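Colleague: Following this note's numbering, the numbering of the sequence shown begins with 19 at its first residue and continues without gaps.
I should point out that these hints are in silico values taken from the structure, not numbers from a laboratory.
Treat each hint with caution, since some may be false.
Label pairs and their in silico Cβ distance ranges [stated by the list, open to error]: (1) Arg125 <-> Ala57: 19 to 29 Å; (2) Gln30 <-> Arg70: 30 to 40 Å; (3) Ser78 <-> Glu114: 17 to 27 Å.
None of the values given here were measured: they were computed from a predicted structure.
We put the CB at the ideal spot given by N, CA and C, even for glycine.
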Amino acid sequence: MTQPVWSTDRIQVDVSGCFTTHHRLQAGAAGLGELTLPATRREGMFHAVDGRDLTVLRTSWWRSEHELREGSTTLARARPRGFFQSQIVIQFGAGEYVLERLGFFNRGWRLLDPAGVALVEVNPQGVFKRGAFLDVLAPVEVGLLVFSYYLVYVRWQEESAAAVAAAS
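Could you build the full structure based on these sequences and the hints that come with them?
Modeller: This is the structure in structure tokens:
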């Protein structure tokens, strides 16, 4: 099954909502789709402008394992690698992709293909601004791009919750 590929330079993700968040992906003035993540459920939906629907799902709460599905077909699985979870391994198609932090004090992440070539960088829009920028460095399949953003967003949420708990 051939997946659509996005090869734009930069995708901006604007986030709205409080309990249910809506993540609008757009390149310039063109909308690409919206990822909706309800706070009370373990899964979210990405609705692409071409009508394609993808489900992102947390399959294991304790081990932080996730899946990407289209209908009843699992397209990708992700799990953390390493003690400090500075990498996330993604099984997508026949390849193993890696999401890795850009640096210890940097909140950004980079997606590497099986050969170690950088495909995408995901960076927050700012310290006090919700949303992200996805810098597409090489052509990447839509499902893999959306799944990578979702995994980074979940990681940012976990880090924020840990910081609030530590400060209390």
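Colleague: If a hint holds in the structure, say so; if it doesn't, say that too.
Modeller: Status of each hint after checking the structure:
Checked against the hint of 19 to 29 Å, the C-beta distance between Arg125 and Ala57 comes to roughly 21 Å, which is consistent with it. For Gln30 and Arg70, the Cβ-Cβ distance of about 20 Å falls outside the hinted range of 30 to 40 Å, so the restraint is violated. About 19 Å separates the C-beta atoms of Ser78 and Glu114, a value consistent with the hinted range of 17 to 27 Å.
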